[in-house]
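S.K.: Listed here are the chains, written in short residue letters.
Number of protein chains: 2
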Amino acid sequence: MAKSALHLARMSYQPKMPASLQGAVKIIEGKATEAVSDKEEIAAIFPRTYGLPLISFAPGGERTEYPPTNVGVILSGGQAPGGHNVIAGLFDEMKLLNPDSRLFGFLMGPDGLIEHKYRELTAEVIDEYRNTGGFDMIGSGRTKLDKPEQFEAGLEILRELDIKALVIIGGDDSNTNACILAEYYASIDAGIQVIGCPKTIDGDLKNKQIETSFGFDTAAKVYSELIGNIQRDCNSARKYWHFIKLMGRSASHITLECALQTHPNICIVSEEVEANNYYLDDVVTYIAETVVRRSEAGMNFGTVLIPEGLIEFLPAMKRLIKELNEFLSQNDAEFKLIKRSAQRQYIKNKLSPENSRLYDSLPVDVARQLIADRDPHGNVQVSLIATEKLLADMTAQKLAEWAEEGRFQGRFSTLTHFFGYEGRCAMPSNFDANYCYCLGRAASILIAAGKTGYMAAIKNTADPVSEWEAGGVPMTMMMNMERRSGKMKPVIRKALVDMDGEPYRALREMRREWALSTEYVYPGPIQFFGPEHVCDSPTMTLRLEKNDR
Amino acid sequence: MAKSALHLARMSYQPKMPASLQGAVKIIEGKATEAVSDKEEIAAIFPRTYGLPLISFAPGGERTEYPPTNVGVILSGGQAPGGHNVIAGLFDEMKLLNPDSRLFGFLMGPDGLIEHKYRELTAEVIDEYRNTGGFDMIGSGRTKLDKPEQFEAGLEILRELDIKALVIIGGDDSNTNACILAEYYASIDAGIQVIGCPKTIDGDLKNKQIETSFGFDTAAKVYSELIGNIQRDCNSARKYWHFIKLMGRSASHITLECALQTHPNICIVSEEVEANNYYLDDVVTYIAETVVRRSEAGMNFGTVLIPEGLIEFLPAMKRLIKELNEFLSQNDAEFKLIKRSAQRQYIKNKLSPENSRLYDSLPVDVARQLIADRDPHGNVQVSLIATEKLLADMTAQKLAEWAEEGRFQGRFSTLTHFFGYEGRCAMPSNFDANYCYCLGRAASILIAAGKTGYMAAIKNTADPVSEWEAGGVPMTMMMNMERRSGKMKPVIRKALVDMDGEPYRALREMRREWALSTEYVYPGPIQFFGPEHVCDSPTMTLRLEKNDR
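If you read the protein sequences in the order shown, they are chains F and C.
Numbering of the first sequence is given in our numbering, commencing with residue 32 and proceeding in unit increments.
Numbering of the second sequence is given in our numbering, commencing with residue 32 and proceeding in unit increments.
Mixed in with the good hints, there may be bad ones.
Put simply, identical chains are the same to the list, so a pair is met inside one copy or across any two.
Claimed, not checked - Cross-link-like lysine to aspartate or glutamate pairs, in silico, EDC-like; alpha carbons within 20 Å at most:
#1 Lys34 / Glu550
#2 Lys270 / Asp142
#3 Lys370 / Asp396
#4 Lys577 / Glu343
#5 Lys47 / Asp494
#6 Lys34 / Glu540
#7 Lys270 / Asp406
#8 Lys270 / Asp404
FYI, nobody ran anything at the bench for these hints, they're computed from the structure.
Generate coordinates for the entire structure from the input sequences, incorporating the hints supplied.
M.R.: In structure tokens:
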């Protein structure tokens with residue numbers, strides 16, 4: 032395979048590690064842990080993996096002999112920069128503990144385990160992927176691993192390959208299922224340990240024990256590079272408002288982090304929209320008012336950051352979508368008879384007054400897409416809504432009304448962008464390269480210590496790597512009960528943006544100034560070789576949250 | 032202004048220069064030059080700036096005393112990374128020649144000259160912008176500077192500020208006009224020299240004398256970073272075809288360069304489409320056939336690079352747009368009476384048979400946009416057509432037909448992207464930072480040598496900076512006569528992709544393999560501090576064209 036100059040140079044980067052991951056390691060067990068809530072239910076569901084102690088590693092243990100131990104690894108869910116380094120760290124520590132241990136990668140996510148598709152990850156394979164982005168070493172997939180039949184199918188291949196431990200690299204759902212699997216294998220004395228690793232660019236797998244999920248750092252930096260470039264263009268041409276939507280699913284962590292890195296004129300935070308029970312029109316009015324104020328100061332240009340999940344956080348939109356889903360599923364046959372050009376009017380007449388008004392206020396493209404592009408279950412596909420276009424169009428509409436009333440004299444031209452796939456598989460930043468490698472090493476040490484139902488954990492990550500603390504967290508400790516598809520289920524609690532947290536407070540403090548001045552910050556591309564403060568700095572979110580801890 | 036860590040670190044970068052730009056410089060004049068074609072007409076139009084000699088600089092001249100000389104500078108047209116460094120190089124050399132010389136920047140492009148809006152560029156201003164992207168130091172604009180009234184209005188402020196030379200940084204059109212201005216000021220003995228500098232990310236301002244325009248290197252590298260990231264995602268998820276449109280106006284240089292950097296499965300080159308008289312359906316068929324072949328090999332994923340200007344190069348689309356423009360301008364009143372939902376059918380009935388068939392085959396969004404979003408002159412806006420979406424939709428349509436015929440058994444899901452504003456104002460790569468700084472220094476030396484009607488030029492740019500050769504090229508030398516708005520005019524000849532050039536030949540040689548294998552290359556982000564072969568390499572285009580020279 033042809034490789035770029037940077038790719039080749041980057042392959043020889045040796046990730047940094049704290050002392051507690053170098054050489055022989057002492058395992059220190061803390062007190063028994065509890066779930067974040069619903070303790071009794073969770074204890075009952077996880078009798079063998081509940082209440083385990085926190086584990087931390089300290090340097091200076093004695094190097095003892097470990098038997099050779101075969102391990103399996105799965106990448107689950109969306110890509111995130113650094114996944115290959117988790118596997119490299121896992122491999123290197125395994126080989127250090129016993130060179131006869133072997134590592135197997137299951138292909139294309141959980142399906143690989145269930146369908147017995149795998150490849151052995153030898154040193155040759157691993158070396159090809161050190162410090163690279165993407166999950167292409169073994170692929171990933173979104174199949175949910177949560178049924179006993181799947182666990183049993185997996186067990187066959189695990190036994191065949193003499194695998195004693197499985198490492199599942201994934202987000203909150205995948206790790207919840209990793210814990211269910213750990214519990215299941217413990218319950219049947221299968222002799223298979225299961226260890227999780229916190230992955231997701233969305234940044235929503237974090238809590239008191241897990242400071243950040245890997246990939247968030249790199250993805251946010253790639254998006255911030257692009258936002259900075261666009262802001263420099265915006266401030267040079269001085270004629271466009273750029274509406275920029277950012278990946279990140281429900282939570283607004285990515286958008287908030289990018290705002291802290293780039294100082295845009297407007298940053299929408301879904302969690303704030305929901306907390307204040309805002310209507311779509313409130314958001315549009317907020318943007319339009321800022322456009323007017325900047326225009327009055329001679330600036331007919333600006334930037335707006337929009338989190339991918341916004342629509343789901345608008346209570347009124349949620350109600351509209353609910354009624355649309357119900358109506359369309361009940362009246363599918365009749366709806367199919369309506370001529371395309373008459374569909375919008377038909378729907379408008381069928382909805383309740385409030386939802387009808389909201390539906391009628393949507394731009395024609397969005398209104399059409401809501402009823403046309405439904406998923407296989409007939410549901411409206413919220414994620415397909417081009418929110419950046421929707422907000423740009425609705426702001427233009429409002430400003431046109433205001434212009435007629437004499438409230439707006441400026442120009443308003445828009446450009447829209449959506450960044451997501453540009454960052455999920457970027458080469459991991461030094462932070463993610465180091466963090467992931469350490470997670471992999473930690474996972475290996477947890478396996479050697481005979482643990483199951485744990486997530487590998489690195490703390491103190493806002494400090495230099497030498498200060499990082501490695502260990503493991505019982506996955507049940509992060510769980511609570513939530514309703515999923517009508518049933519109460521144990522799940523690792525997803526972290527949305529905390530309205531009392533430092534990152535959001537920092538935004539709130541500065542955004543008024545950002546709106547009216549043009550104090551853009553230009554982060555530029557991720558650097559790997561320069562001064563440490565340029566190359567190794569963690570996200571603003573991590574640095575600010577340090578004050579919360 | 033808050034600055035990012037990289038921004039701060041980058042401000043102290045000292046651009047590299049060849050020996051011929053360091054210290055005292057000897058001016059070497061070559062033979063008299065001729066226009067690339069239409070010599071007599073051009074000689075007649077430019078009696079004072081035609082036939083001037085090529086100029087090259089050599090080290091080792093004697094440092095003589097120069098009188099203080101005030102200079103004005105204008106940024107014209109679209110942003111390109113490195114513009115600030117041209118100005119910094121200009122400034123540093125001016126101050127070296129005489130510390131009492133002063134530099135004035137005209138604001139927001141040619142308008143600043145005409146409307147007498149300017150700022151003095153002192154060391155303090157310049158230092159704030161060294162090695163940064165964007166044109167925000169003085170802004171840019173697209174006003175064409177081509178009328179004697181404008182020249183006279185400019186002369187007033189030039190005289191008021193005692194400016195003896197004007198540097199115009201722009202693309203082919205802006206430099207053509209710079210030469211007309213040089214000729215005009217010479218003809219009235221205004222005592223104002225005019226020097227041009229080759230700017231444009233599109234890469235279409237190049238010829239035997241000018242090897243590349245600045246900004247092309249950085250923009251192509253930013254887009255290649257993103258394409259590489261998407262390809263890694265594509266190859267990890269293995270479920271999407273990504274259709275990626277790239278900025279670059281008419282010429283496909285950017286798309287071709289990005290393809291050479293990233294090895295996508297498909298790369299469309301507009302110039303090839305035109306040379307072969309392809310129809311839109313030919314392009315779609317070519318893509319669809321590749322999708323089928325990859326699918327048969329188990330790969331329902333891939334990448335397609337599409338140049339922004341494609342539509343204009345499809346002869347049949349050109350004919351359709353011509354007829355649409357003519358019909359709509361002649362029947363505007365009647366058209367306005369047609370109901371929106373009936374417009375498409377109306378237009379279809381009015382067009383000639385061939386154009387009607389083509390119009391009917393376009394996806395509904397594109398068909399609607401062609402007749403709805405016209406410019407102030409009533410013309411169809413080709414640049415607004417989402418070609419990436421058009422090709423994705425039409426390929427899906429064709430594959431659906433083939434699936435019915437049993438010719439396609441795979442899945443085909445698409446994602447679309449358009450990259451442009453992400454790269455125009457990026458921090459200049461080391462190449463662009465060096466190249467621009469050298470162009471600025473060269474412009475200053477040309478001014479000191481009393482030259483006018485010249486473009487600053489740096490040659491040998493595929494080699495290390497120490498081997499670069501600096502000098503000046505008479506702008507008339509790059510001109511020919513072309514029809515513009517119905518009249519024959521002298522213009523600097525635009526460079527499209529050369530079907531016999533090395534870059535295109537390299538693509539043609541490798542693309543069959545790229546189509547069926549998945550040999551993506553991942554360039555990663557631009558690096559500033561690492562090994563020289565990672566940080567300082569010029570584009571593939573420059574390296575390959577070296578063989579043509």
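S.K.: It remains to establish, for every hint, whether it holds in the given structure.
M.R.: Hints and how they fare:
no. : hint            : result
1   : Lys34 / Glu550  : between (38 Å within a copy, 9 Å between copies)
2   : Lys270 / Asp142 : between (50 Å within a copy, 15 Å between copies)
3   : Lys370 / Asp396 : both (16 Å within a copy, 17 Å between copies)
4   : Lys577 / Glu343 : neither (29 Å within a copy, 55 Å between copies)
5   : Lys47 / Asp494  : within (13 Å within a copy, 36 Å between copies)
6   : Lys34 / Glu540  : between (45 Å within a copy, 18 Å between copies)
7   : Lys270 / Asp406 : between (38 Å within a copy, 17 Å between copies)
8   : Lys270 / Asp404 : between (34 Å within a copy, 19 Å between copies)
In terms of the numbered hints stated before, the structure departs from hint 4 and from no other.
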